[in-house]
Amino acid sequence: MAAVQETVDRVRAIDVDAYKYGFVSAIESDVAPKGLNEGIVRFISAKKEEPEWLLAWRLDAYRRWLTMEEPKWARVDYPPIDFQDLHYFAAPKNAAGPRSLDDVDPELLRVYEKLGIPLVEQEILAGVEKPRVAVDAVFDSVSVATTFKAELAKAGVIFCSFSEAVHNHPELVKRYLGTVVPSTDNYYATLNSAVFSDGSFVYVPEGVRCPMELSTYFRINEKNTGQFERTLIIAEKGAYVSYLEGCTAPKRDENQLHAAVVELVALDDAEIKYSTVQNWYPGDAEGRGGIYNFVTKRGDCRGARSKISWTQVETGSAITWKYPSCILRGESSRGEFYSIAISNGRQQVDSGTKMIHLGRNTTSRIISKGVSAGRSQNTYRGQVSAHRLATGARNFTNCDSLLIGSECGAHTVPYIEAKNASAVIEHEATTSKVSEEQLFYCQQRGLSAEEATALIVNGFVRDVLQQLPMEFAVEAQKLIAISLEGSVG
Amino acid sequence: MLEVKDLHVSIHGKTILDGLSLAVKPGEVAAIMGPNGSGKSTLSYVIAGKPGYEVTSGEVLLDGENLLDLPADERARKGVFLAFQYPIEIPGVATMTFLKASLNAQRRGRGEADLTTPEFMRRVREASQRLKVDQEMLRRPLNVGFSGGEKKRIEILQMTLLNPRFAVLDETDSGLDIDALRIVSEGVNALRDPTRGFLVITHYQRLLDHIKPDVVHVMAKGRIVASGGPELALELEKNGYRDYAVEAA
Ligand SMILES: Nc1ncnc2c1ncn2[C@@H]1O[C@H](COP(=O)(O)OP(=O)(O)OP(=O)(O)O)[C@@H](O)[C@H]1O
Ligand SMILES: [Mg+2]
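As they're listed, the protein sequences go chains A and S. Per the UniProt record's numbering: the first sequence ends with 489, consecutive numbering throughout. Per the UniProt record's numbering: the second sequence ends with 249, consecutive numbering throughout.
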């Protein structure tokens with residue numbers, strides 16, 4: 001309730017140019033020369049002082065990538081990307097290697113503070129018990145700080161940057177890396193495997209319920225730099241973890257490439273809840289600039305009764321190509337996908353999920369809410385398949401689209417495949433418009449057209465917002481209003 | 001005071017209001033009766049500022065200020081309220097959330113601070129008790145799945161909270177059962193005061209038994225064709241509109 005008021009305040013506070021994270025920070029950095037070749041792959045690996053096996057893995061992926069072609073099946077349209085015209089590595093100077101919070105460049109801390117992500121461990125507000133969140137901050141290609149590490153370690157939880165995990169927990173990285181998204185998986189995932197820089201690593205041991213929310217905050221700052229982060233989360237038997245990812249980038253006229261890979265592994269009775277609030281720079285109203293977000297996210301419900309749930313709020317990026325998926329291998333495992341995808345201006349979103357039912361009695365649930373405004377195109381693309389052995393598999397899909405104005409488009413592309421007769425797959429889809437009648441009704445009560453739209457949209461996405469951890473739901477609600485700025489009137 | 005002066009309105013080139021004039025003084029309740037399609041709802045929409053109507057000539061003034069140049073939300077913040085003949089559903093938005101958003105939007109429009117949550121809750125509780133609106137209903141999405149009568153009660157609940165200077169009630173009595181008609185009418189009567197004007201659109205005398213009008217206007221074919229005291233409504237109830245514009249036009 002309060003959030004609606006705040007939403008409205010925020011919307012009021014912004015000027016024509018709504019993206020408030022668009023500033024560039026003057027942080028000195030080490031940048032690899034432009035271009036992609038074996039030398040660059042070796043350079044990145046050497047910068048990170050990686051073991052030989054990892055370099056070999058990268059080179060293997062690189063060679064494979066050279067033989068691959070960019071996928072063309074998504075409903076997105078963009079000029080060819082010159083992969084030789086990008087930097088594949090940029091790291092803030094004075095940020096070599098993981099370190100304690102006290103050592104982090106104060107300038108960087110200020111950047112995160114400005115983004116609303118204070119990298120501090122103690123609560124400043126006396127007497128107010130706020131939920132604590134551990135944060136891993138990734139700036140361009142490297143992780144600059146991870147909070148609450150010591151406290152998490154007491155519970156046996158490992159939460160650190162990917163690079164650090166490679167050094168301190170090589171056996172875990174080696175055992176799980178590429179087992180969910182193989183380095184051969186798809187064009188962008190393969191590219192990521194060759195040049196990934198940093199990201200987060202989470203390991204929750206058997207029977208442990210992670211004592212706080214974990215989150216990673218990605219920031220692209222450097223110009224003409226691709227961001228290729230890699231996240232790996234492992235929940236051992238009976239473990240539970242809730243993880244949130246957030247991201248922003250400065251406003252730039254050029255497009256920037258972001259091609260991440262996220263792998264989740266849930267063993268018997270484990271549960272991983274992965275939430276994303278994606279707010280990359282979307283480009284301006286004419287479609288200049290913005291992030292190309294080509295991301296591969298997949299969770300493997302490897303164990304019996306395991307559960308993986310993806311919740312995403314997608315408001316940013318010029319182009320979004322993203323299908324967080326679940327492989328339901330373990331008997332009675334469960335996959336969930338809750339999505340809010342908002343597009344405005346010239347944004348293009350092609351997003352959805354895959355639920356691959358392999359094990360018996362596996363269940364999945366998909367709730368997708370697409371909101372299109374301006375001249376944007378918003379496609380839900382989803383695949384649900386039940387394997388021959390996945391007897392008793394069940395899926396429920398509900399896919400709703402809301403249109404604001406008459407120049408945008410909403411599309412729904414479901415692929416459904418059942419190879420055994422006992423599988424039950426249900427699909428519902430609706431498309432509606434924010435009607436003149438609704439707007440007028442709200443305005444008659446004193447809400448401005450923008451406030452009214454924010455309210456109606458928040459109502460439309462409510463089922464999904466409720467899936468987000470409380471403190472992020474409020475944030476997401478504000479973000480939705482901001483991204484719809486200028487869509488009415 | 002609300003004044004409508006020689007108002008001509010058309011939609012898609014078709015004339016709906018054709019030289020309509022009336023005035024509602026502060027403290028006054030004016031009733032409008034008239035056959036289906038005579039333009040009553042259109043008048044209420046044009047007063048409230050619904051887009052899509054072409055005002056070809058005439059004026060609508062609230063306390064001397066021309067409303068026609070203002071968007072609907074500004075008119076609302078100046079104190080114009082419309083209880084809709086057909087209230088609109090807003091899926092996913094809890095009624096309570098909507099009440100708070102609209103109340104605070106209006107307060108801010110007047111340069112006042114937002115209500116604190118306890119104060120807001122107190123007001124809602126009081127108004128909903130008076131109108132016999134179940135608290136449970138306020139948690140449901142606005143108007144979604146509400147019965148016809150429930151929707152009308154929620155309209156009056158909103159009016160009570162928003163405390164307008166001038167309110168149009170468009171067939172608020174339709175869909176109300178006998179008890180609800182009495183409760184809603186009491187809710188309206190409670191708001192009658194020397195500073196506030198009401199325009200009550202209805203087809204039936206029974207509403208006017210509860211909300212006693214000061215003036216009754218008969219509307220036909222987009223204009224006022226007769227005006228009088230409460231007795232005019234009783235006469236209409238007996239004879240219908242045959243003496244009026246239906247033939248006259
Ligand atoms: N959007 C529209 N497009 C075309 N005609 C319209 C539109 N809105 C109203 N009208 C017409 O204008 C006339 C007046 O309609 P209005 O709803 O104002 O009547 P009313 O007096 O409120 O009727 P009722 O007693 O049935 O509620 C009707 O003939 C109606 O069909
Ligand atoms: Mg009507």
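Hints are supplied without guarantee of correctness; some may be wrong.
As the list claims (entries may be wrong) - Subject to a maximum C-alpha distance of 30 Å in a straight line, what follows is the list of computed DSSO-like cross-link-like pairs (lysine-lysine):
(1) A:K433 <-> S:K14
(2) S:K50 <-> A:K433
(3) A:K433 <-> S:K5
(4) S:K50 <-> A:K478
(5) S:K238 <-> A:K433
(6) S:K132 <-> S:K14
None of these hints come from the bench; they were simulated from the model.
Item to check | Unmet hints by their number, sorted upward, for this structure | outcome: Violated hints (numbers, rising): 3, 5 and 6; every other hint is consistent with the structure.
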